[in-house]
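There are 2 protein chains.
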Amino acid sequence: MAATAGVGAAAAFGLPAAPTRAAAPAAGKQAPGFYRYKVGDIEVTVVTDGARVFPLPDDMVSNVKKEEVNKALEAAYMPKDQMTIVFNPVVINTGSKLVLIDTGNGPDAFKQSNGAVGAVPTNLAAAGIDPKQIDMVIISHFHGDHVNGLLTADGQPAYPNAEVTVPAAEWKFWMDDGEMSRAPKGRMEGLFKNNRRVFDPIKSKVTQYEWKKEVAPGVTAIESVGHTPGHTSYVISSGGKSVFVQSDVTNHPALFVRHPDWHLTFDQDAKKAEETRRKVYDMVSAEKMPVHGFHYPFPSVGHVEKDGSGYRYVPANWSPVL
Amino acid sequence: MAATAGVGAAAAFGLPAAPTRAAAPAAGKQAPGFYRYKVGDIEVTVVTDGARVFPLPDDMVSNVKKEEVNKALEAAYMPKDQMTIVFNPVVINTGSKLVLIDTGNGPDAFKQSNGAVGAVPTNLAAAGIDPKQIDMVIISHFHGDHVNGLLTADGQPAYPNAEVTVPAAEWKFWMDDGEMSRAPKGRMEGLFKNNRRVFDPIKSKVTQYEWKKEVAPGVTAIESVGHTPGHTSYVISSGGKSVFVQSDVTNHPALFVRHPDWHLTFDQDAKKAEETRRKVYDMVSAEKMPVHGFHYPFPSVGHVEKDGSGYRYVPANWSPVL
Chain A
1 MAATAGVGAA AAFGLPAAPT RAAAPAAGKQ APGFYRYKVG DIEVTVVTDG ARVFPLPDDM
61 VSNVKKEEVN KALEAAYMPK DQMTIVFNPV VINTGSKLVL IDTGNGPDAF KQSNGAVGAV
121 PTNLAAAGID PKQIDMVIIS HFHGDHVNGL LTADGQPAYP NAEVTVPAAE WKFWMDDGEM
181 SRAPKGRMEG LFKNNRRVFD PIKSKVTQYE WKKEVAPGVT AIESVGHTPG HTSYVISSGG
241 KSVFVQSDVT NHPALFVRHP DWHLTFDQDA KKAEETRRKV YDMVSAEKMP VHGFHYPFPS
301 VGHVEKDGSG YRYVPANWSP VL
Chain B
323 MAATAGVGAA AAFGLPAAPT RAAAPAAGKQ APGFYRYKVG DIEVTVVTDG ARVFPLPDDM
383 VSNVKKEEVN KALEAAYMPK DQMTIVFNPV VINTGSKLVL IDTGNGPDAF KQSNGAVGAV
443 PTNLAAAGID PKQIDMVIIS HFHGDHVNGL LTADGQPAYP NAEVTVPAAE WKFWMDDGEM
503 SRAPKGRMEG LFKNNRRVFD PIKSKVTQYE WKKEVAPGVT AIESVGHTPG HTSYVISSGG
563 KSVFVQSDVT NHPALFVRHP DWHLTFDQDA KKAEETRRKV YDMVSAEKMP VHGFHYPFPS
623 VGHVEKDGSG YRYVPANWSP VL
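Protein chains in written order, with this note's numbering: chain A, 1 to 322; chain B, 323 to 644.
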C-alpha cells in the first residue's frame, strides 16, 4: 500500500515513478550443497544432507550446565539456546570405485522436515552423481542420520548397484537380540528397531568389514569407538596425501573440539568417546592431517590444532577450482 | 596396460573380470562459486571471481622477511613459498535495487588465466543472476581486480543497465592528470592508465558517492583509506542486522588479520592502511559484527576477534538453507 501511495505521489508531483522493487526478485535459495577436493588421485565430493535447527536441549552436553554450552555457542558466534546440527556425507571416487560414506537422514526425515534434512539425493544430483553409479556404501555406525538414507521412500535400496559394507562390531551389537532385549526403552530401543527396519530389505547386499583393513582402494577403517560400540573412522590416502574422515568422533566442533571433555548426550559410552577424541585429535594435530567431520560445518574439512586444554578447528580454505 | 593385463589374468584363471574403473568418471570440476545469506530483509549473494596462485614474492609483505611470511602460511596450513589470492564480490538485493559491489579481474584476465580468475560472469549465471538485471555497481577502489569486470571482452559495459558509482575521493585521485604525471613508472603508472581504459567508455554511467552516506538502500559507505586514497568499505544494514563489507582493509586473513602490523606490498599508504585495519577490526570485534572480505576465503564472511597483538578470523558456519 505504501509503495502504491508513493507511486501516486510521484505522479501527482510530476516526478518519475521510481521502481520500488529490484528487477530481479530475491532468489530465496541457497547454492547447491556439494564441494570437491582431491586427496592425491582420489576425488572427494562432500555432499550435504542438510541441517537440523532446534532449541538447545538441557542435556545436549550431559556433564556440563546448559549455561556453559550457551557460552561456547556465543563464543563461536552462534545463537544461544539453539542448536544446529549439520550432516555431511562424502563420495569418494577412487578411480576404480565410486564410494559413499554414510547416507544421511533419509526420505522420511526429508518429508517431516520439509527438506531441511534428507537432502543427499538432491545434492548428489546437483553434483552430477547418479545413485545407480555408486559401487559401495560404507557405513560408519548405525545411527539414523548415517543409515536411513540407505532406503528410498518406498523401502527400496537407494543405491541399487552398491555393496553396503558395515563395521563388523557395529553389526554384532545392533543385530544381537540379547542386546536389543536389554536396551532401555525410548531412544536406544528405537535405534535397534530402526536398524532392523533399514537393513532387513537389503540384507543380501550387506558385507562386514574389520578395522585396520582397506574397505575400498585407499580407504582404511580405523576403530574410533565410544559414540557407538562399533563406531568407525577412515583414513583416505593417495599419492602421499591423507585425510582423516572422523565420522562422529565429535559433533559440532564449537562444542566438542573446543571442549573434548564435554560429553554429547548421544555418545553411548561417553568416557570411551572422550578417550577416542583425544587420541584422534592428538594424532591429527601432531601429523597436521586434514580432518573431515560428518557434523562439521560444510564443507566439513579442515585442521584440528591444540589450544589450551582443548583443540581448535581451522576450516580449510575453499578452493574455486579442483 | 597394467589394468589390461589384470583383466587378461582374471580371464585366464576363470575369475570374474573386476571393473578397473568406477562406473562414474571423476567429475574434475568444482561446485559453482556462489553462496547466499540474509542481512535482515537484504539478500546477499557472494560470487567468486576465482583465485590466483603464484610463487610467494619476496616483498609480498614489505616490512617482514619472507621467512616470517612462510611461517604464517604454514601456521594456516597453506603451502609455503606460494600465495593464493581469491576475489569475492557480492551482489545485494535490497528489495528495490540489485547491487553488485566490485566486479573482479575481468575478461582479459579470464583469458590469460584460462578461467582461473575473471569468473564473476560464470558464477553470476550459476546463481541465476543476469548482468542486465543489475541496477547499480558500487566500486570500492580502483584496482584492476575490482574494476576490470566493468567491461566485456569487446569493451562494452558488462552491466548495461547499471549506474556505476565510485568513491569521490578515488575518482579525484586516479583521474587527476597531475597525480598520473607524478606516478612512478611500472605498477602505479599502469593503474592510472588502466582506470582510464576502464572508465572512458562508461563515463556517462558513472556517479560519485561520499562517505557516511547511503549509496544504495541499506548500504552505507565508510572511509577506510590506506590501501588506496579513496578506499571504501560498507555497512549493509536491515532489520537490526548488519555486516561490514571491508573490501581490501586486509588481503588474506592468515597474513594480515593475524598480523595487522604487516604491510601488504599493494597498500599505497602502508601506515595509514595499518591504522585503518586496527580501527576497523577493533570496531567489528567489539560489536561482534560479521565481516565480508573481498580477499577472504570463499564464502568470505565471518567474524574477526582479538587474539594477542593481532586478530583471528573465524569463518561463519555455511548454512545449507537461506
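Derived by calculation from the structure, the hints in this document are not laboratory data.
A portion of the hints provided could be inaccurate.
Only pairs whose alpha carbons sit at most 20 Å apart, straight line, appear in this in silico EDC-like list of lysine to aspartate or glutamate [claimed, not checked]:
1. A:Lys241 to B:Glu396
2. A:Lys29 to B:Asp363
3. A:Lys193 to A:Asp108
4. B:Lys628 to A:Glu74
5. A:Lys288 to B:Asp403
6. A:Lys71 to B:Asp363
7. A:Lys80 to B:Glu627
8. A:Lys193 to A:Asp177
9. B:Lys593 to B:Asp381
10. B:Lys393 to A:Glu305
11. A:Lys306 to B:Glu627
12. A:Lys212 to A:Asp282
13. B:Lys563 to B:Glu389
14. A:Lys306 to A:Glu275
15. A:Lys29 to B:Asp452
16. B:Lys402 to A:Asp108
17. B:Lys494 to B:Asp591
18. B:Lys393 to B:Asp583
19. B:Lys494 to B:Glu532
20. A:Lys71 to B:Asp629
21. B:Lys393 to A:Glu287
22. A:Lys213 to A:Glu163
23. B:Lys628 to A:Glu305
24. B:Lys563 to B:Glu536
25. B:Lys610 to A:Asp81
26. A:Lys241 to A:Asp41
27. A:Lys288 to B:Glu396
28. A:Lys172 to A:Glu223
Quick list of simulated restraints, FRET-style, between CB atoms [claimed, not checked]:
29. A:Lys203 to B:Ser435: 46 to 56 Å
30. A:Gly240 to B:Asn436: 39 to 49 Å
31. B:Lys525 to A:Gly240: 52 to 62 Å
32. B:Asp380 to A:Ala75: 35 to 45 Å
33. A:Gly28 to B:Thr474: 42 to 52 Å
34. B:Lys351 to A:Gly28: 40 to 50 Å
35. B:Ser631 to A:Glu74: 17 to 27 Å
36. B:Val528 to A:Ala125: 42 to 52 Å
37. A:Lys66 to B:Asp380: 28 to 38 Å
38. B:Pro347 to A:Val206: 45 to 55 Å
Positions of the beta carbon are idealized from the N, C-alpha and C atoms, including for glycine.
With a cut-off of 20 Å on the C-alpha distance, tell me whether lysine 212 of chain A and aspartate 282 of chain A pass. 19 Å, holds
field: 20 Å limit on alpha-carbon distance, applied to hinted pair lysine 610 of chain B and aspartate 81 of chain A
entry: 18 Å, holds
Just to be careful, I want the Cα atoms of lysine 213 of chain A and glutamate 163 of chain A compared with a cutoff of 20 Å; is the pair within it? 17 Å, holds
### Task
With respect to the beta-carbon atoms only, verify the hint that glycine 28 of chain A and threonine 474 of chain B lie 42 to 52 Å apart.
Since glycine 28 of chain A and threonine 474 of chain B have Cβ atoms about 29 Å apart, the given range 42 to 52 Å is violated.
| Going straight from one Cα to the other, do lysine 628 of chain B and glutamate 74 of chain A come out at no more than 20 Å? | Given pair lysine 628 of chain B, glutamate 74 of chain A holds - Cα atoms ~15 Å apart, limit 20 Å.
Query raised in the report: For the pair supplied as a hint, lysine 306 of chain A and glutamate 275 of chain A, is the alpha-carbon distance within the 20 Å limit?
Result: OK: lysine 306 of chain A and glutamate 275 of chain A at ~15 Å, within 20 Å.
For the range 45 to 55 Å, tell me whether the beta carbons of proline 347 of chain B and valine 206 of chain A fit it or not.
This hint is violated: roughly 27 Å between Cβ atoms.
### Message
So if I understand the rule, the pair passes when the alpha-carbon distance is 20 Å or less; does lysine 563 of chain B with glutamate 389 of chain B pass?
### Response
Cα-Cα ~41 Å, so violated.
**OP:** Take the C-alpha atoms of lysine 393 of chain B and aspartate 583 of chain B, compute the straight-line distance between them, and say whether it is at most 20 Å.
**Re:** Distance ~16 Å between lysine 393 of chain B and aspartate 583 of chain B Cα, so the pair holds.
ask   = Are the Cα atoms of lysine 288 of chain A and glutamate 396 of chain B separated by 20 Å or less?
value = Roughly 10 Å separates the two Cα atoms, so the pair holds.
**Prompt:** Does glutamate 627 of chain B lie within 20 Å of lysine 306 of chain A when you go C-alpha to C-alpha?
**Reply:** 19 Å, holds
Taking only the CA atoms, is the gap from lysine 241 of chain A to aspartate 41 of chain A under or equal to 20 Å? 9 Å, holds
Hints 6, 13, 16, 30, 33, 34, 37, 38 from the list above are not met by this structure, while the remaining hints are.
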